[in-house]
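Visitor: Take the given structure of chain H and dock chain A to it, following the hints.
Letter by letter, the chains look like this.
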Amino acid sequence: RKEVEQDPGPFNVPEGATVAFNCTYSNSASQSFFWYRQDCRKEPKLLMSVYSSGNEDGRFTAQLNRASQYISLLIRDSKLSDSATYLCVVAFSGGYNKLIFGAGTRLAVHP
Amino acid sequence: DAGVTQSPTHLIKTRGQQVTLRCSPKSGHDTVSWYQQALGQGPQFIFQYYEEEERQRGNFPDRFSGHQFPNYSSELNVNALLLGDSALYLCASSQVGAGPTDTQYFGPGTRLTVL
Numbered sequence: 266r267k268e269v270e271q272d273p274g275p276f277n278v279p280e281g282a283t284v285a286f287n288c289t290y291s292n293s294a295s296q297s298f299f300w301y302r303q304d305c306r307k308e309p310k311l312l313m314s315v316y317s318s319g320n321e322d323g324r325f326t327a328q329l330n331r332a333s334q335y336i337s338l339l340i341r342d343s344k345l346s347d348s349a350t351y352l353c354v355v356a357f358s359g360g361y362n363k364l365i366f367g368a369g370t371r372l373a374v375h376p
Numbered sequence: 014d015a016g017v018t019q020s021p022t023h024l025i026k027t028r029g030q031q032v033t034l035r036c037s038p039k040s041g042h043d044t045v046s047w048y049q050q051a052l053g054q055g056p057q058f059i060f061q062y063y064e065e066e067e068r069q070r071g072n073f074p075d076r077f078s079g080h081q082f083p084n085y086s087s088e089l090n091v092n093a094l095l096l097g098d099s100a101l102y103l104c105a106s107s108q109v110g111a112g113p114t115d116t117q118y119f120g121p122g123t124r125l126t127v128l
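One line per chain: the protein sequences are H and A, in this order. Per my numbering: the first sequence ends with 376, consecutive numbering throughout. Per my numbering: the second sequence ends with 128, consecutive numbering throughout.
Calculated from the structure, these hints are not laboratory results. Idealized CB from N, CA, C, for every residue including glycine. Among these hints, one or two may not hold up.
As the list claims (entries may be wrong) - Taking lysine-lysine pairs in the DSSO-like style, the calculated list, with each CA pair at most 30 angstroms apart, reads: (1) H:Lys363 <-> H:Lys267; (2) H:Lys310 <-> H:Lys363; (3) H:Lys310 <-> H:Lys267; (4) H:Lys310 <-> A:Lys39; (5) H:Lys363 <-> H:Lys307; (6) H:Lys363 <-> A:Lys39; (7) A:Lys26 <-> H:Lys363; (8) H:Lys310 <-> H:Lys344; (9) H:Lys307 <-> A:Lys26; (10) H:Lys344 <-> H:Lys307; (11) A:Lys26 <-> A:Lys39; (12) A:Lys26 <-> H:Lys310; (13) H:Lys307 <-> A:Lys39; (14) H:Lys307 <-> H:Lys267.
What the hints assert, rightly or not - Derived list of chain H stretches under chain A, where covered just means 3 residues or more per stretch with a C-beta under 8 angstroms from a C-beta of chain A: (15) 308 to 319; (16) 362 to 374.
Chain H with its partners taken away, still in its complex shape:
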């Protein structure tokens, strides 16, 4: 079983749609959680950290359920510029530590 598993994708949605990505992790000792975004042939960039209470950044909302070992990302009012691969990431301690990535879910937003 992979340590971090994500929806296989790809997700093809029209502009303005709401899209949700799900992720599960296998190690209950995981302490830190993130969503990274990766554009084609580019490096991953931190989209947002995920906190137990849930957090929101503009159109993006992240949720964490430690009991179910489940992480989600919701994107509202999708833009063409949101097209990318979204990587679910966990770490055993601080974010400076070893990051464990899921395989990513590709999102394509079309006009």
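Guide: Relative to the frame of chain H, chain A by itself:
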């Protein structure tokens, strides 16, 4: 403020050769981690350097080795290259103990092709 830089951008090698990749961390960062990203996969942790020592290591063979210099820059060396080593090699820098916002910033990567 310069971000994480890596060199070279692209590299083509043949099986059995050796390669050295270089990374300069973001200003103020003292920790460098290396990741390998195969096509269609998420990055896989290779190892991490802090205070010029390897602090953590992922599930990679000894053919993968590294070094960190006093200025915090780092090198990744891969010996006896295999076709399966073809991937994007990412360097990430961070600051230990930076608090709730500590995270890793990635460089643009080095794309290695082994023929």
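Visitor: Could you tell me which of the numbered hints above are not met by this structure, giving the numbers in increasing order?
Guide: Every hint satisfied by this model.
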